[in-house]
Every structure is written in C-alpha cells, then in structure tokens.
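S.K.: Here is how the chains run, residue by residue.
Protein chains: 2
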Amino acid sequence: MSKSDMDENTQKEYFELLKFESVGADPAKLKDCTACAMWLKDWLKKLDFAGELILAKGSFAPPVLFAQRPGDEGASTILFYGHYDVQPADPIESWKTPPFEPTIIGDRIYCRGSQDDKGQFFAFLQGLADYLETAPEGKRPTIKIVLEGQEESGSEALMKLAQTDLRKSLAADVLLVCDTSAAAGLRPAIVAGLRGVSHFTVKLFGANRDLHSGEYGAIAPNAAQAIAELVASLHTPSGAIAVAGFMDGVEMPSEEEKAEAEKNAPSAEDYEKDIGCAPVGGEEGKSIVERNSFLPTIEVNGIHSGYGGPGAKTVIAPEAFAKISMRLVPGQNPRRVFEAVKAHLEANTPRGMRLEIEDWNPGAGGFRLPLASPLFRLASEVLKEMDPRGPVFHWDGASIPVVSILKEASGAAPLIVGWGQPEDRIHSPNESYSFAQFALARDWARRILEAL
Amino acid sequence: MSKSDMDENTQKEYFELLKFESVGADPAKLKDCTACAMWLKDWLKKLDFAGELILAKGSFAPPVLFAQRPGDEGASTILFYGHYDVQPADPIESWKTPPFEPTIIGDRIYCRGSQDDKGQFFAFLQGLADYLETAPEGKRPTIKIVLEGQEESGSEALMKLAQTDLRKSLAADVLLVCDTSAAAGLRPAIVAGLRGVSHFTVKLFGANRDLHSGEYGAIAPNAAQAIAELVASLHTPSGAIAVAGFMDGVEMPSEEEKAEAEKNAPSAEDYEKDIGCAPVGGEEGKSIVERNSFLPTIEVNGIHSGYGGPGAKTVIAPEAFAKISMRLVPGQNPRRVFEAVKAHLEANTPRGMRLEIEDWNPGAGGFRLPLASPLFRLASEVLKEMDPRGPVFHWDGASIPVVSILKEASGAAPLIVGWGQPEDRIHSPNESYSFAQFALARDWARRILEAL
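Chains as they are written, first to last, in the working numbering: chain A, 97 to 548; chain B, 97 to 548.
Incorrect hints may have been included.
Any copy will do: because identical chains look the same in the list, a pair fits if it lies in one copy or spans two.
[Stated by the list, open to error] Cross-link-like lysine-lysine pairs, in silico, DSSO-like; alpha carbons within 27 Å at most:
| no. | residue 1 | residue 2 |
| --- | --- | --- |
| 1 | Lys141 | Lys235 |
| 2 | Lys299 | Lys369 |
| 3 | Lys256 | Lys153 |
| 4 | Lys141 | Lys108 |
| 5 | Lys256 | Lys137 |
Read the hints as simulated data drawn from the structure, not as lab findings. Since the structure is predicted, the reported quantities are computational estimates derived from the model, not experimental observations.
All chains should be modelled from the sequences, with the hints used to inform the complete structure.
M.R.: Structure follows, in structure tokens:
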C-alpha cells in the first residue's frame, strides 16, 4: 500500500481533520475541539446522519458528537465509538515536523492524532461510507456514532452523559471501536480485555514561601523531598504496589487467557529494541504479559517541585505535586481503589506537609470478554478473509475507560479491533500512521458491517 | 530611623546598584553582571581605589572585581568581601513590586538584592567612605576589596582565582564580610561559624521517549517514580541522612558553643510563625540549633520529571532530574562527602535507569572560629558601643563558601557581621531591607575600621 492508493479526497478530508488542535485536556483549545466536532458533524451529514453536539451539564469539556442514521426495519443496531481529542504535543521541540501539520514522509503521515484516534476512527468512517454505497436495502442496520473530545483526559463528560441524558439513545446490539493496536507485523488483533484507568493530582504544601536552604535547612520541611518520599511509598523495593487494599478483588486470568496472551506477546528483546532500555518496570518476578495485561499499575506521570532552571538555586520549595494514574483490572472498583490510595497518601504524608488531592477522575474499571462468544467467531472469520493468519486475541494494557461505560449503557457486545503499531509512537512526539494501516482500518469497517 | 535619614545621593547610588539584573547563575544575565561590576569599579575609583575586573580562565562566569587602596606604611591590611550577584527572581508572579525596580514601602526598600548582598555590602562601603573622610593620616590601613558575581551559584570563578592568580594579592590581617544576619530585634551578631555548601544535579534516563502509561505501564521503567525513589533514599524515615560515610569526621560543637547558640536561637514557635508550618525538617530528636548550626544537611532544591501542565497526560517519562545541595560542617571534606553521596546514588539507582551527575560544585567546607580570640573581643566592644545589649555569637546554617577559601588564601582572621533579619525574605519573592538596617551596617563599617 502506498500513498497513491489513498484517493485525493480522502487524504484532503483526513488532513483537514488532523489540523484541528483538538487537545481536549487544555481549556485553551476548547474552540479547536468544538470546531473539530462541527466539522465531523457536517462530514457525517453527507452520509445522511443526523448529528448534534452535546455538552454535559456544568462542564466546560469539549462537546460530544452524537449522530444517528436510521436503518431498515427489523435490522440490528450498531454503535460506533471514537474520540477526536488528542494528547498535548509537548515536548514540542522533539517533533521533526510541526505537530499539527500533517506531513507525508515515505509511506507514513506524521501528525499528532494521525493514529490516536483521528486516523483510526476516520479510516473506519471511510469504510462505513464504502459500505453504505453498496449496502443491500432491507438489511441496513441503524448506525449510531459517538465521537467525544475528552478521551485522553478521562472522558468525564461522555461518561456522565452515557449514564444520564444520552443513556437511552445508546441502546445497541454491537459496540464497534477502532482505537487499539494490531499484533506484530499488522496481524489483526481482537481486544478481549482492556485495563481501566483512573487519575488524580496529589499536592503537598509546607512553608509559606521559598526558603533559603542554609538559613532554614533541616528546619523547614522540604516539599520536594516530601513528594519524593510520598511517591516512593506507593511501591515496594521490588516494584509491587504497596497500597493496602489496592489489590483486593483482582480477578486473575484463566489459563486459556494467559496462554493465548503469552503466545502473541512481544518478547523482552522486542520491548528493549522499541523503548531503548530494559523493560524492567512493574513487579519483579512477574512476566511481561502479566504485568501489562492482567495486573493493575500505579504510574507517576509527572512530579514537580522547586527549582528547575539553569545553574543552582539553593531553596527549600514550599509546595510540590505529582500526577498519578492507575490502570485497573477486572474485580477492581475505581472508587474503592481510589479510597485505598487516598488513605495510603494520607497515612504517608511526610511530617509538616499538608496534603491535597485534586482532579480525581474515576474513569472506569477494566473488563475481559469471553473468548467463545458468537461475535468473536464472526469477527475472526472476517479477519481471516483479510489476513490468512487470522486474528490474535489481545488483552490490552491501555484503557478506553468510556468503553466500559458505553458497554453498560448500550447493552451491546463490544468488538474492539484497531490497527495501531508500536512505531506509531502515540502519546509521543512524531506520532504517525501509515497509508497501509489506514487502508486496513477502512477495509475492516466495510467488511464487518457487511457481515453483521 | 526613617527614609529621610538616608541622604539623597546614597539612595540614588543604592537604587542604581539594585537595578542591575545581576543574576549570576543565568548565562543570559552575564551582560547585566558585567555592567554591575563596572559600575562598582567606577564607584570605588572615587575613593581612590584602583580596581580591575578579573575573569577566571576558561570560565564564562561574571567578573570578579578586585580593588585596592594602599594604606600608610606599617598599617595593617584589611580585606573586604561581598557579592553583587543575586538569586533569580522567580516565581516572578509572587512579587508585589517589580523585582528589579527598588520600591520604598514604609521604612523598607523592596527589590531583589536590596539585602542579599547588594544592600549589605553597599551600606558597608558607604561606611568605609565615611571612615576615609576622617581617618587620621599614618594609621590608615591598606584596604582590599573583592566583589564577586557568582556567590549564589557557588563562587566557582573566585574560588579558582583565590587559589591561583589572585592568591598573592589577597594577603591580609583581617577579613571583613557583611552578608549575614543580626539576632532577633536587630541585636548585633558575630558569626562564629558557617556551614559549607556543595551542590550538583542528578539525572536519570530510562526509555528513549515519552511512553503511553497503558501500553507500557509496568513494562517500561518510570523515570518520575525512579527519581522519587532515589531522592527518598537519601534520608531515613526519621529524617537522618542515610548516605554511608556522609557523617564521617563531623566535629560536634563544644558545650560552650552549644550553650551560647541555644541561648540566642529562635524558638520553634518563632519559626512556625515565620515559615507558616511546623519546623519539622531534619532529623527527629535533634534540637533546632543542632539541626541548623551544627549538623550537615542534604536538601533537594528541585525535582522534575514528566507532565506538569493542566489536566492529565498518562505518560511514562523517559528522564528526570533533581537538584541537590549539601550543607557541610567542620570535619567534612566536600570532595569526600560528594564521593559518598555519588556512591550512594549509584548503588541506589533504580532498575532500568542510567545515572548521570552534572554540575558538581565542590563549594567549600564549613568552619568555626574560637570564641576567645582578640579580634572577637575588639568587635564585641565596638558592637557594645552601638548597642548596649552587646553582640551574640551565632553559628549560621547558611554558607559563604568562598569565605572559607578567602580565609585560607589571605591568612586573615574573618570577622563576619551582618544586619539581615528573617523578614527580609532573601532568596524569596519580595526581598527587602530597611533603612534602619542599612544605617546600622554603614555605622558598623565606620566604627570597626576606626577600631582596627
């Protein structure tokens, strides 16, 4: 598949979509997010979708686009989910091309969101358009599309809407999502499980100002030292989670699930080549698959306190913060887990410090789907037509928290198939998606819609 | 003492001096530092000093101003030391007045450097000018003045010069310094000891880029978590220093020194009122005076890794750094102490991380002076004339590392008397110095020069 296989109009539309700086987490980009959602609504209108932008009450989050196209009588209902928001582009200086200017280099398109998730869902929507062109009358399903703008920062608005105003509208038979990865060598992969995610910011406050580290050293409590101690307390020296109650209720995978997961997992060598260092995160003595697919995590996404400029500044910082996220597995309830972590942080707050926890986003729990379901059988057949190797089943370490919520609200069986690869570098500078991946996602959409 | 007691010309000159943005640690301010040193050279020329700006070989540090005024034959030689560099102004948003615009509010002058050390040394130089106006012929000492521009970031250039090119020129009988604090209620204080200081930056490197905390969580080592663990490892849970060998050779104070220090130290309540939180830094079970005056410290001045912006970003950071300084006491050799800390950091580097140590500034060790010296007796008499309460002796937790080096290079006995107060907020936003403090420093200079 090369550049020339993407038709001019598709590329034009794809690039238009990518140019919106739809960083959902940044309030300064709310306008860009809204413009992006408007553009998508208009695009879907051409396929006879009636769409509306919905805002959650009391929220300044980017709008949720809900669009619907009625099907033939008696046909099934399909719900498709995607997100048009993207990760922040920073560190911007590490980008080789402008982060919001789609740039073709070789057989790849470089741009923030070129894959996650604009590229993946837009390829799917192109496949949906292909399907609608030839779909036989009488069998066409009702299609509902939800595109949100807050997935990268917790989907708060959509999760609220899915449990209130939007709940009834979501009812469906199948929930399709295209926001995950294929296996190595672009072999198709069906997600049989996802971890949940929940995050918050923890802050510590000590003195009333920056203090001189000589005049006040060993007198004033040091917030930079304190946040280090607090963060370090979350894990044992062997990397296990040290928070009492955190692991309560964790459901371990079946032998079949473990065997299937181990079969298709990248090796330690693959990871080392990819990330440039030994894959020694997580708990010692557990396999990579266990650590990534079946065990929960607590990760510090940022820690900041005190001076960070050139040279030295011998201060004792009065405050500090850490941004913390948790990946959750089946059996863990986000609220109970958060309460356990909160209790741990309170109990371990260093002397002299005042603790504050902010911006808790409960997210959603993780889930696993039964391998033997009819939907998985059907999807396997379609994917085998596309690729004789057939699909692998995958328990993704990542999260689409809102999928748990949509699954519950819609009553639908989720079918999660995406076409990402590690070299896409999602969430990092120089994110990209290949023409080949785009074509696969488009082809998959048409074929599965025909089969359902 | 009120504003009207400072003559117009002194105020004009003082404000001119304050307006130079002489942040010695910031390479972008090298020009401002040089201009400030030139201004001081010209100012001293009017008092018949021959001055020169000296650069250390291979260094881009602000220049050292060395100025000399020959005395009468057979008279003694006095060396005066001060520093014209100031701390960075950040966080700038916390200043109520522009940080480099001297602003009079009530009986105080607000400006970065209004006290530390521009205000203190310039008041002293004004007292020197007063002295020279009336000094009797035949008794006038040779006066040498060293004003450097790098004290707040380690005095590297002057320390190098004092041990090489400048060494011979520094020979003196007495070393006068005005860069410290008076006791509570502006009671005069003689510094009988100073802690040394030494600092460096420690960096950790993990993966080759920001990674998605779902895809790579519990696989890739997390640099933010790692720097927290590494920094936390420097102290025991009770706040004692956990670095093997760090305390080797520490000379504890005599009972007389301890008693004198305890007598004049602020109480825990004083500190709490000042800093706005309990003074629980340092090691549990040690008194405030021990912790601040007689024991060494390791303080983290900054810790930074990963995302720090609005909202959430679920990344695993590939690198992290901490800025670390150490206050040293007599018996500790800066190089040996650094080697101990380095060995500790190497031994405690978390799995998967590569350690780098940068910008080590060895600084200098701490020192204590004998309470019973003739110089301390003479100074005590002069200070008793100024204030019937007489001086207290003080072992300062802060450092003027270069004083150790100048003491050794000059062979002079150091007499360190300054007029700072906690409310001056040096190193913090809204630094200030009062007209009363300025007048005391000026008066002290004239009187001690007359007495020596």
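S.K.: Work down the list of hints and note, for each, if the structure agrees.
M.R.: Outcome of the hint check:
1. Only within a single protomer do Lys141 and Lys235 lie at most 27 Å apart by alpha-carbon distance; the minimum there is 21 Å, versus 98 Å between protomers.
2. Proximity of Lys299 and Lys369 under a CA criterion of 27 Å is satisfied inter-copy only: 22 Å between copies versus 36 Å inside one chain copy.
3. Proximity of Lys256 to Lys153 under the C-alpha cut-off of 27 Å is restricted to the intra-copy arrangement: shortest distance 9 Å within a copy versus 65 Å between copies.
4. Only within a single protomer do Lys141 and Lys108 lie at most 27 Å apart by alpha-carbon distance; the minimum there is 18 Å, versus 72 Å between protomers.
5. For the homomeric pair Lys256 and Lys137, the shortest alpha-carbon distance inside one copy (21 Å) is at most 27 Å, but the shortest distance between copies (68 Å) is not.
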